[in-house]
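Colleague: Spelled out from the first residue to the last, the chains are:
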Amino acid sequence: MRWRYGAGILASLAAWAGATSVADVTPQQVIADATRKVVKLYGAGGLRGLEGYQTGILITPDGQILTASSTVLDADEIDCVLDDGRRYAARLVGIDPRRELALLQIDATDLSAFVIEHNPALATPGTRVIALSNMFGVAAGDERVTAQRGVVAAVVPLEARRGAAEAPFQGAVYVLDCTTNNPGSPGGALIDSRGRLLGILGKELRSTAAGVWLNYAIPTNELGPARAGIASGTVVPSDDTTRPFDLRLLGALLVPDMLERTPPFVESVEPGSPADHAGLASDDLVIAVGSASVTTRTAVERAAGRLAPGDPVRLTVIRAGRLIDLELGPRPAGATP
Amino acid sequence: MNQVSDTPVSHPQWRPYLAAALALLTTSQVVSATHSAVDPEVLAAERQRVEVIRSGSAAAVAIFAGDSGGGSGVLVTPDGYALTNFHVVQPAGVAMTCGLADGRLYEAVLVGLDPTGDVALVKLLGRADFPCVSLADSDRVEPGDWCFAAGNPFLLATDLVPSISAGIVSGIHRYQEPAGTILEYTDCIQVDAAINPGNSGGGLFDAAGELIGINGRASFEKRGRVNVGAGYAISANQLRKFMGCLRAGRVCDHATLGATVSTAADGRVVVSDILQSSDAWRRGLQYDDEILALAGRPVRSVNAFKNVLGTLPAGWQVPLVYRRDGRRTEVLVRLAGVHTQAELTNLVSGGAGEDDQKNGLGGPAAAPLPEAIHEVFTARPGYANYHFNMVERDRVARAIATRALGHGGTWTLAGRLSDGAEFRIELSDSEGLIDLPTGTSVLDATAALDANPVPPGSGGMLAALLLWRRLTLEGPAALGGTSYLGTAPRDPRRLDPAGGDLVDVLETAVAGVEARFAVDDAGRICGIDLRTSPEADPCEIQISRPGAGGPLQLDVHHGIERFGTFLVESVDPAGVVP
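Chains as they are written, first to last, in this note's numbering: chain A, 197 to 533; chain B, 11 to 588.
Among the hints, a few may not be true.
As the list claims (entries may be wrong) - One side only, chain A facing chain B, incomplete, derived with CB under 8 Å: (1) 220; (2) 223; (3) 224; (4) 281; (5) 287; (6) 332; (7) 334; (8) 337; (9) 375; (10) 378.
Bear in mind the hints are in silico, worked out from the structure with no lab data behind them. For each residue, glycine too, the CB sits at the ideal point set by N, CA and C.
Required output: the full structure, derived from the provided sequences and hints.
Modeller: Here you go:
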């Protein structure tokens, strides 16, 4: 990753010194206002090393929520808790596998929501920022999420990995000088000193070059297209078909991937989906995708990922001790979780 | 650490900015010389920040616990009282060495402990003019407030000058579950100022340089034991409430209501379990009652309930507001302790199985104490350092003595009850008498006082008044085994959530009764609680003068009943009652 430091660092130092005197709104007011647009999300997880919670941001007054796509969303029910403590069941509308973003919907109206501005100049190196997230899950109910202050250190393409896998998104991100990369932070809001949304806090990733944990946010310029793509049903295509493929796109939800070698049991099947029509059922254990035998959930997604869009997705499952072959229909374009 | 500072310096593009940034941070003179265009307001803000950091640094204490590491502390009085964490002093024992930013080392002695709240009070010796800071009202802190920590992270301060880390308040009223230990952080302040190992016990300051908390904990997970942007401080308001108990040389305990609460499906906070032995039960609290407020703060979640309770010392009386069948009820409840005395002693000594070789707290000191510490340390079971209990008791005794007029004869108080009926009270060395419309009661002042809690229904008002006279005339020594309990709200019915308006409390067991006396800072006894047996509800008397210097008023309660309000119209001899 190339680091571009700018004269903005100087500007930001000067701005800190007069933080309360030069701004027309106080940081306290900005934080209080923006926090109303941030939600706490609870889903799958809770085991060692994998949290069952993260953060989301409200992007419409009628309950659209943008968050990071992660195993937390691998749940039948995703709990969404608003800033005032109101609790809703959130529905997964869809995911953008390339940007690793997900769109959720709750049945609520008249909410305070962020505006997604398409403006590449919103933040540059040196811009003072505030990150809002439910890191470490410290806020519950009507308690306000964590506010951290920092500076945009660089705007650079993301070169990161999670474990051995390369992160799918390689566009420009805001690299931050504060530790926002914590359990529960993904999906949080990055705002400027006036409370405008600058980006969404990314997933926990390490730099490919240095191995250090990266504190970064995906800029608003990426959020609009992600939302539009997911909402219109045209999932943003992955530029690499060898990427894992998520069977949720065919209506099959596998058990949450929480172990090193999670056996690929089917958690649930969406009624009316291709998987449902093919006869896939809860508790089926997938043992082969096409001709490739699989023993883990990751292997299922990798094997399915090697199919070209349009290829038939054939699964072999074990149900009550019997082998059953199923064909779920053609593989949709793109798609990784 | 090296990585952080070396990498950017070696980068050619970075160098000029770093130099400029350093110049900007160093002194305002350099700034005005090189950047004369900087807004004067910015420079003024910077000067103020430099000044508050200087005053915070001066009060910062580096605590050394020998081979076991150490931590930080912060001076809160000119005579050397400093707050720190229990987990910092625990390995150090009774005596420790402390360093200040002036570069000098001072002997220090343990004063009091709050193991549950992870707080300890120590006293630095040798000066009466230590630099110190005052405690802010931490309930006024808001997310986004600027703050800084002064302490000794990674024990870097070999010259004893503390390290400063600045940031903002990230969250308030945070509840942190006990993490593998009993150290429960309730109602704490979360900050993004770097809190690292060694910062423990050090001060967290606001933009005015006042103390808003004691840094004690941070979220450390998969990144190792270094700051990841979430540190937690024990709030100044909690510290204020425990300060009396800490100064009493005690091992303080936290409060429990004797009831647990849970969130109902509709979001109400309801009583899910309650001990029938608890004061709350005796005051009428029942299963499924909705808790609305505790100790003057609203309760809207289980965490909020735990937050309020966690900041309160055992033994305090606080208002509790609950709702049942749409009816709102406010009662005063006496909070019990979370632990038994044996449990507390065990906590402090590190528990069974751990050897006590290094002056294990609460246990016998294995290593000989330094000479200077000998004079200020007295071991006694149940106390961190009994010496300071005597110090506080004697201070209160002196305050009472300045008020006493030494009239040893009979005191006669006469006046009217709130319904207009007349009363008369006579108190002497030999006898107490109270004449009420309902009858006359007499109590032998030379015999046991517990046999006859008169007047009937008062729980022992006459016994309490006899002890009041004796304490006023002769001081605590006359009552025998009197100790300093700590501080408590002057009027629990009008409790200040910030922990203000506290009075000293003396505790005594004499002539078969247990009594507590609240003494204000002018040495006036302003409240008496007297119990004739451990199970009985006490007789509670509030002594006040509504309207400055106005007539004396005695408000007497027993259980949930108001026994009477006594408006004293004449005192004979005049002026004997302070």
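Colleague: Work down the list of hints and note, for each, if the structure agrees.
Modeller: Each hint tested on the structure:
1. 220: 14 Å, violated
2. 223: 4 Å, holds
3. 224: 4 Å, holds
4. 281: 7 Å, holds
5. 287: Since the shortest Cβ distance to chain B is 21 Å, the answer is violated.
6. 332: Where the cut-off is 8 Å and the nearest Cβ of chain B is about 5 Å from residue 332(A), the hint holds.
7. 334: Where the cut-off is 8 Å and the nearest Cβ of chain B is about 6 Å from residue 334(A), the hint holds.
8. 337: 4 Å, holds
9. 375: 4 Å, holds
10. 378: 6 Å, holds
Hint compliance for this structure: hints 1 and 5 are not met, and every other hint is.
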